[in-house]
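Participant: In case you want the letters, here they are:
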Amino acid sequence: MNIAELKDAIDSETLGLEMYDMISRLHPICRSITGDGVRETLAVVDERAPLNVHEVPTGTPVFDWVVPKEWNIRDAYIKGPNGDKVVDFQRSNLHVVGYSLPIDERMSLESLKPHLHSDPAHPQWIPNRTSYYKEGWGFCLSHHDLERLEEGEYEVRIDSTLEDGSLTYGECFLPGVVAEEVLFSTHVCHPSLCNDNLSGIAVATFLAQILAGRPLHYSYRFLFIPTTIGSITWLARNEEAASRVRHGLVLTCLGDDGGFSYKRSRRGAAVIDRACLHVLNRKGRPPTVFDFSPNGGDERQFCSPGFNLPVGVLMRTAFGSFPQYHTSADDLDFVRPGALAESLVTLLDVVSILETDRRYLSNNPYGEPHLGRRGVWLSGDWPFGPSNQQPLLWVLNMADGEHSLLDVAERSGLDFDSLRQAAEALLKHDLIAERGRRTSA
Amino acid sequence: MNIAELKDAIDSETLGLEMYDMISRLHPICRSITGDGVRETLAVVDERAPLNVHEVPTGTPVFDWVVPKEWNIRDAYIKGPNGDKVVDFQRSNLHVVGYSLPIDERMSLESLKPHLHSDPAHPQWIPNRTSYYKEGWGFCLSHHDLERLEEGEYEVRIDSTLEDGSLTYGECFLPGVVAEEVLFSTHVCHPSLCNDNLSGIAVATFLAQILAGRPLHYSYRFLFIPTTIGSITWLARNEEAASRVRHGLVLTCLGDDGGFSYKRSRRGAAVIDRACLHVLNRKGRPPTVFDFSPNGGDERQFCSPGFNLPVGVLMRTAFGSFPQYHTSADDLDFVRPGALAESLVTLLDVVSILETDRRYLSNNPYGEPHLGRRGVWLSGDWPFGPSNQQPLLWVLNMADGEHSLLDVAERSGLDFDSLRQAAEALLKHDLIAERGRRTSA
Amino acid sequence: MNIAELKDAIDSETLGLEMYDMISRLHPICRSITGDGVRETLAVVDERAPLNVHEVPTGTPVFDWVVPKEWNIRDAYIKGPNGDKVVDFQRSNLHVVGYSLPIDERMSLESLKPHLHSDPAHPQWIPNRTSYYKEGWGFCLSHHDLERLEEGEYEVRIDSTLEDGSLTYGECFLPGVVAEEVLFSTHVCHPSLCNDNLSGIAVATFLAQILAGRPLHYSYRFLFIPTTIGSITWLARNEEAASRVRHGLVLTCLGDDGGFSYKRSRRGAAVIDRACLHVLNRKGRPPTVFDFSPNGGDERQFCSPGFNLPVGVLMRTAFGSFPQYHTSADDLDFVRPGALAESLVTLLDVVSILETDRRYLSNNPYGEPHLGRRGVWLSGDWPFGPSNQQPLLWVLNMADGEHSLLDVAERSGLDFDSLRQAAEALLKHDLIAERGRRTSA
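Protein chains in written order, with numbering that gives the first Met the number 0: chain E, 0 to 440; chain P, 0 to 440; chain U, 0 to 440.
Chain E on its own, in the form it takes in the complex (with noise of 0.2 Å):
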């Protein structure tokens, strides 16, 4: 089956909720930047997409960085004056500081405070806060459970340990015919968070699913990696592998019900930027774009000026714009089955374009090839009709070996995918030739 087919062959409404029970499986482990939470989930990705899992040694120097500390958590609490857990791990892996150092202490409401984080603009809510590089520790609360408590003496335990250890990435590859790669790249270190970013887990895991195995024109490789020190540590290890990506995303907050948006790479118009922009212009809401910046997820690794790759960010709305964004509000209820689905199906259709934009020459240049004489109509081999030749005419009249079908989709306006129809039908009929895709991105 060809790969721009595949769109129609997959049942996007079961895959939706698959993903969806997929991101309920992975909701309640606490993940962070190393760690078994990282192990853990990504077990539950290898079950679809097969993955090497690498573990990178603490203290491995990548780049200007170091491989940090293994941090592990297995419980933590606050008790109050009256002995009841006041803030409790077991409820929300949120209470807990990321990377927060293990404690074991009693003390006063007056020295527990500078260690206590909440948000007043959403009192309900539960923020979500690490604390990477700096040792320290601390929880994290509603800021309506934050004003209840009482003077009084609490005690303080996290028993967590933050040791040396390993980071844990995972990397699903599939071979194409080319060794020019494909690169999606989705975090794996937020812990009880939906929207950011086991949506981007899930709809990458499925994607990798629904790609292996068939007929692929490039290679892809899928990352599944904490956030910055997981990409500075992959292309630390993976310069080759880095400088064969001609195209990639990185794949996040995909599971909401808004429209779609789109960070641009740092190249600014590469033909993932286009082709994204080409997709999420024909949907029904206008998408919303952004330009490149050095702000942000991984994309400001893979765009270091070192790099520069072609990689730009796919997302539903768009990180930090949304006020469930790193809250215990980006919960089971904020992502959606449908949303998900259609954030799948959004990709295969980039892909789609991936695959088969390619430049033609015409084997008729001179003049327009005689189509009726030929049959074109009368084969079945064009699905539109007779009514219907403008993506033919326009194929055939941009095929100088210089334009390829997604210039041909922009010049023209009309759908990518009608013009890749076009092109089969015309090189069935020996009107076309194959003149290749532009090797650089």
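It should be emphasised that the hints constitute simulated quantities derived from the structure, not laboratory data.
We put the CB at the ideal spot given by N, CA and C, even for glycine.
Check each hint, because a few of them may be wrong.
Said to hold, decoys possible - Just a sample of chain P residues kept apart from chain E, beta carbon distances all over 10 Å, derived:
id : residue
1  : Asp10
2  : Asp20
3  : Lys78
4  : Glu104
5  : Trp136
6  : Arg335
Claimed, not checked - Each computed DSBU-like pair below joins lysine-lysine, with the alpha-carbon atoms no more than 35 Å apart:
id : chain 1 : residue 1 : chain 2 : residue 2
7  : U       : Lys427    : E       : Lys68
8  : P       : Lys427    : E       : Lys427
9  : U       : Lys282    : U       : Lys6
10 : P       : Lys68     : E       : Lys427
11 : U       : Lys112    : U       : Lys133
12 : P       : Lys427    : U       : Lys68
13 : P       : Lys427    : U       : Lys133
14 : U       : Lys427    : E       : Lys133
As the list claims (entries may be wrong) - Ranges between beta-carbon positions, derived for each pair:
id : chain 1 : residue 1 : chain 2 : residue 2 : range
15 : E       : Asp290    : U       : Gly258    : 26 to 32 Å
16 : E       : Phe383    : P       : Gly258    : 29 to 35 Å
17 : U       : Gly435    : E       : Met106    : 54 to 60 Å
18 : P       : Gly212    : E       : Asp290    : 57 to 63 Å
With chain E held as given, fit chains P and U onto it using these hints.
Facilitator: What follows is chains P and U alone, placed relative to chain E:
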């Protein structure tokens, strides 16, 4: 007389009336892509624009096509059950589907109906239909008449021939100083339809007549050809001449009262595109501008990828966008002498730009020359006087050998003609020297 | 002190008052394109900005021009029939047409009138007229006064000389590290007109005074010249220096209360154009921006095709677009100390960009450097603190040796100055290295 001054030398009002008269003479002739109607039409053109008339035999291969059989028709009618002619070719040649095979039969209304074409949206108008590349026969009639046909036996007769013969086209060539060519192409294959395209035939004929015998920089070639197969045939037989085309226009729909339209060449911003838009943007009504697309008329062939000639389309209301298009309502009332005259003058403006657009080198490029001392103002060579120095200053400032007058017009917002006059005055006073024109279109 | 910090080191309010005082001193002097008025003016400039004063003899050929005769005037008046002075040069030097020949005659009002100029649209104002390149004489007066002249015999006297002498201009040169130059040019040929151009003279003088003795990368040249013939003369005598000009501005009309205007260089997007617009677009009032045109002042000469220097024009309300322009209403009330001060500070901002705009290479181009570990935040080298990392991240991401800070400012939307400070902090921490500036403007 300078080509740029021709416009002022002609009596455009009289020419408008004469073009209208020519259209009136050509209107009754039944034209198709081959046959005697084309020959009669070319004979009328030849009275003003001496033509080389070419006859290309049926069966001649022309690129991917083959010259078709020649079609001629003498009479056609449908007699109703009571013996009256309910459809009569003698009243309008639009009644017969172009390229209809001969027929002489009696049949029921039921058998006849599949061969009858009408336009319910415009029940009083006879539509125009052809069946060039699929043999068959048919009649066109107003929907009003169609609905009045009664049950009974009909006598159906088309006295036509579809036999080996030739495809006929005419060519008027005006040699200039250089072998590089300006191409004007107009189609001669439509029956009694005035705006599309007797207007194009008339305007092209008069333009050729006006330019003939004038000192011309470029060589000019006027083609009077049947659509599609005509341009393909010409290109196939004239690859060398085609390679010399530097600027070109397809002329069609130039007689209605609407504002101008322009369809860009495939190149998009060729000199012909820029020259036409410069002229049209100075009309009272802003032009309708279309990007190139592989729809339409002979520009599809001239702009096929193997040729990619800088050929645009000049029209008033664009083909396909007025309701009378390809119906009996595109008649002698629909075209106006004044509109024909304005179209002709507009083309003279475009030709003036093509002929006089040049790059210059200042003889005093360091600082401004002292215009006052040189007596430019006093000598009368600068008709606009010292209070309007703008064209002079712009031409001098841009006289770096890089910028053509058209470049200067676009950058300055000044009218090309004022810049041309400035260049003439400056040349006369030895302030600039000709650097040449761009050789590439 | 870093050139970028100069702005904060000066007391602009005091400088505004001092510039206003300088204008007040210069206001009474009768200047023209030659003569003692220019010499007196340059002597005042020289008090703050030491000048090389050049005297170029009458008759010296300068490109297409010749240095004109020197004009000087001591007195002029018109006495009415009753012996009263109805026009008196001692009350305003605008009363005499610049370059008027001497005259001492009695004549009727009828004979006098062709020599009298007024502006009916502003009946209280004296217009300013000159007759540089056509010998003659005349007076300017308010339309109100003109209309009150009665019939009778008038005594007309102009005590002027128009004789061989010289053209005078001043040059203040501040050598920098490199021989490449920044050019500021201002005209000194207008009589008692404050905004055009005593404001330009004052601002240029103070800018030169502030920059003098500072460590400068570029060499700076300030020209105090008569319009047109002055810039032509300077260019003719300094072709070598002209070839070293990398950035330049004509300074005029910098004292009124209006918002800023900028006229682009002929190149259109030279660094000087981009630097000025970067600064002006951050003012409260959006600037009025003009594309280059061969009208106006000395930019016409600097941007003539043989030089094509990257020289724009910085103004507040543009020349010719305020009604007081070239009239007696362009007086000491029309210019404001605060406006002069703001113009000066704006120029320092532009100079700061020119001086500090550089391209950098990241020393850690692969992934982001670990800013936290390097203590950038803690060391105090980054004044904006860790909550505003944007300038640091942008400079690092664009530190590929291709993008200058101005490029980064335009792409990021950040202020140039914050990027400059980021670059300084990053340099100090050895995170980037200087790659150099663009050598071409």
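Participant: Each hint: holds or not?
Facilitator: Going through the hints against the structure:
1. No beta-carbon of chain E comes within 10 Å of the beta-carbon of Asp10 of chain P; the shortest separation is about 40 Å.
2. Every Cβ of chain E is farther than 10 Å from the Cβ of Asp20 of chain P; the closest lies at roughly 35 Å, confirming the non-interface assignment.
3. The beta carbon of Lys78 of chain P sits about 34 Å from the closest Cβ of chain E, which is more than 10 Å, so the claim that it is off the interface holds.
4. With a minimum CB-CB distance of about 27 Å to chain E, Glu104 of chain P clears the 10 Å threshold, and the non-interface call stands.
5. The claim that Trp136 of chain P lies off the interface holds: its Cβ sits roughly 18 Å from the closest Cβ of chain E, which is beyond the 10 Å cut-off.
6. Every CB of chain E lies more than 10 Å from the CB of Arg335 of chain P, the least distance being 33 Å, so the non-interface label holds.
7. For a cut-off of 35 Å, the pair hint linking Lys427 of chain U to Lys68 of chain E stands: about 29 Å separates their Cα positions.
8. Distance hint between Lys427 of chain P and Lys427 of chain E is unfulfilled; the C-alpha atoms sit about 63 Å from each other, more than 35 Å.
9. At roughly 15 Å between alpha-carbon atoms, Lys282 of chain U and Lys6 of chain U fall within 35 Å of each other, so this suggested pair holds.
10. Between the alpha carbons of Lys68 of chain P and Lys427 of chain E the distance comes to roughly 29 Å, so the proposed pair stays at or under 35 Å and holds.
11. A C-alpha spacing of about 19 Å is found between Lys112 of chain U and Lys133 of chain U, which places the hinted pair at or below 35 Å, so the restraint holds.
12. A C-alpha spacing of about 29 Å is found between Lys427 of chain P and Lys68 of chain U, which places the hinted pair at or below 35 Å, so the restraint holds.
13. Between Lys427 of chain P and Lys133 of chain U the alpha-carbon distance is near 23 Å, which keeps this suggested pair within the 35 Å criterion.
14. At most 35 Å may separate the alpha-carbon atoms for a hinted pair to count; Lys427 of chain U and Lys133 of chain E meet this at roughly 23 Å.
15. With their beta carbons about 29 Å apart, Asp290 of chain E and Gly258 of chain U fall inside the hinted range of 26 to 32 Å.
16. One distance hint, 29 to 35 Å for the beta-carbon pair Phe383 of chain E and Gly258 of chain P, holds here, with the actual separation near 34 Å.
17. In this structure the supplied range 54 to 60 Å holds for Gly435 of chain U paired with Met106 of chain E, their Cβ-Cβ distance being about 57 Å.
18. A beta carbon spacing of about 59 Å between Gly212 of chain P and Asp290 of chain E agrees with the range 57 to 63 Å that was offered as a hint.
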